[in-house]
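Q: Sequence:
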Amino acid sequence: MSSQDAQSLSPAAVPIRLTINGTERRLQVEPWTTLLDLLREQEGLTGSKKGCDHGQCGACTVLIDGKRANSCLVLAVVKDGAEITTIEGLGQPGNLHPMQEAFIEHDAFQCGYCTPGQICSAVALVQEGRAHTREEIREYMSGNICRCGAYTNIVDAIEDVLGQSSTLREAAE
1 MSSQDAQSLS PAAVPIRLTI NGTERRLQVE PWTTLLDLLR EQEGLTGSKK
51 GCDHGQCGAC TVLIDGKRAN SCLVLAVVKD GAEITTIEGL GQPGNLHPMQ
101 EAFIEHDAFQ CGYCTPGQIC SAVALVQEGR AHTREEIREY MSGNICRCGA
151 YTNIVDAIED VLGQSSTLRE AAE
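Numbers 1 to 173, taken from the UniProt record's numbering, label the letters of the sequence shown in order.
Be aware that one or more of the hints could be misleading.
[As the list claims (entries may be wrong)] Straight-line distance between alpha carbons at most 25 angstroms, and here's what the computed DSS-like set of lysine-lysine pairs gives:
hint, residue 1, residue 2
1, K67, K79
2, K67, K50
3, K50, K79
[Said to hold, decoys possible] Cβ pair distances, simulated, as ranges:
hint, residue 1, residue 2, range
4, G94, V14, 19 to 27 angstroms
5, L75, G163, 31 to 39 angstroms
6, P31, E135, 20 to 28 angstroms
7, H54, E24, 29 to 37 angstroms
8, R17, C111, 29 to 37 angstroms
9, E24, G129, 25 to 33 angstroms
10, G149, E101, 21 to 29 angstroms
Since the hints were derived computationally from the structure, they do not count as laboratory data. If you're wondering where the values come from, they're calculated on a predicted model, not measured in any experiment. C-beta: ideal position from N, C-alpha, C; glycine also.
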């Protein structure tokens, strides 16, 4: 943290430790700072988007200890010690996560604003193992809104990765 950043924090700032995209970070955070604001403003991870800032759209979805969460609703200090994965932590150009590849292959985005949250939520959905049909995928993804209406392609992408996951599990058994 730069001295300018440290000067801009109030005396109420508290130390926390987070593992963000595999890297442990020791941070000073004001108690009212949301995880989303910490990621975007303090850590420069702007992939997670601030859509509604009320937990209604899912654009800010990240993985916290492997579970999806709307980062705009989570105070960063409450997650001291947690492991956070953002869209940047899932994959990078040349080494994309299978869900990122599927979203590209199935053209599962239009404007792209909701895409990071959609992908993080979809990764968690596959890990949860509860969705097996298109209807279940739609239900479990209902917290992520796409104003462009790319839902059919989003479900296609998730279904594709679910199929790959099933094949990998069967091969391992």
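Q: Please go over all the hints and tell whether each is borne out by the structure.
A: Hint-by-hint comparison with the structure:
For a cut-off of 25 angstroms, the pair hint linking K67 to K79 stands: about 13 angstroms separates their Cα positions. About 19 angstroms separates the Cα atoms of K67 and K50, which keeps this hinted pair within 25 angstroms; it holds. With a CA separation close to 19 angstroms, the supplied pair K50 and K79 stays within the 25 angstroms bound. Our hint of 19 to 27 angstroms for G94 and V14 is violated, since their Cβ atoms are close to 38 angstroms apart.
Between L75 and G163 the CB atoms are about 38 angstroms apart, so this pair conforms to the stated range of 31 to 39 angstroms. Checked against the hint of 20 to 28 angstroms, the pair P31 and E135 fails, with Cβ atoms roughly 41 angstroms apart. Under the hint 29 to 37 angstroms, the C-beta atoms of H54 and E24, about 31 angstroms apart, fit the expected range. Distance hint check: the CB atoms of R17 and C111 are about 35 angstroms apart, consistent with the given range 29 to 37 angstroms.
As the Cβ distance of E24 to G129 is approximately 29 angstroms, the hint placing it in 25 to 33 angstroms holds. Checked against the hint of 21 to 29 angstroms, the C-beta distance between G149 and E101 comes to roughly 22 angstroms, which is consistent with it.
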